[in-house]
Amino acid sequence: MKKVISAPDPIREEKLKAFDRLLTIMNELRENCPWDKKQTLESLRHLTIEETYELSDSILEGDLKEVKKELGDVMLHLVFYARIASELGAFDITDVLHSICDKLVERHPHIYSDVVANDEETVKANWEKIKLKTGNKSVLEGVPKSLPALVKAIRIQDKARGVGFDWEKKEQVWQKVEEEMQEFKTEFNTESNEAISKEKAMAEFGDLLFSLVNYARFIDIDPEEALERTNKKFIKRFQYLETESAKDGKVMGEMTLAEMDIYWEKAKGMNTKLP
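Numbered according to UniProt numbering, the sequence shown spans residues 1 to 275.
If you are wondering where the hints come from, they were derived from the structure by calculation, not from laboratory data. Cβ atoms here follow ideal geometry from the backbone N, Cα and C, with glycine treated the same way.
Below, in silico cross-link-like pairs of lysine-lysine (BS3-like), each with a Cα-Cα straight-line distance of 30 Å or less:
1. LYS152 - LYS69
2. LYS133 - LYS103
3. LYS233 - LYS176
4. LYS200 - LYS152
5. LYS152 - LYS133
6. LYS133 - LYS3
7. LYS236 - LYS268
8. LYS233 - LYS250
Cβ-Cβ distance ranges computed for the label pairs, FRET-style:
9. MET255 - ASP20: 56 to 66 Å
10. GLU106 - ALA246: 57 to 67 Å
11. LYS15 - LYS247: 49 to 59 Å
Build out the structure end to end from the sequences listed, making use of the hints.
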């Protein structure tokens, strides 16, 4: 095994004390607070999902103060799950931490063994190969079924790439995007009023989205983040439309599209000034 060198941590003891404090408070709450005593793995699940999305929001907003706060909320949940599991006799926080440490050492043989990996792609490829050797039946097995579809598409493509199943050049991917776009346009963007097959249209639109996600990956854009940033931009512009039109005595739902477009264009022009 290689001798791994890392920079000394001058405040390691302080960090350990902080984690110990959290464990102590968790035990006290679990044993004394009516709400905390009632919680189960299942009851915490949706709250954890909510906290994770709040963390994501603060990251996208670039608000590091909120990132710190949300990380604390997520950390609390992790300790909470481990405490409940220890009561069930399944595992405790020690087992959780040792488990992730063991996995990290095992899946980084280029750091802790003699494997050579000098770039990110090789590291990811080794990671997937190791997972297959240690029990996974499929490269795609680790993609959670409940992931949002867009995020799931990203993870599926990443994992396939890890074992070499991928396009070679981004130009090939863009050609696929144009091919899927043309198929969709030819089939469903017709001028006639004939009814279309919704099921077939959905399938073709899914293919188009999947290919766009693929291309985004090739040019190093996270499509989930890109779409969320556009969502936030739309919200800010629409709320500007609402507030500014109200100042002029106009009512949403009673304005014409042309009237609303005037405020929308102003919002676009003030994009950098909007809160």
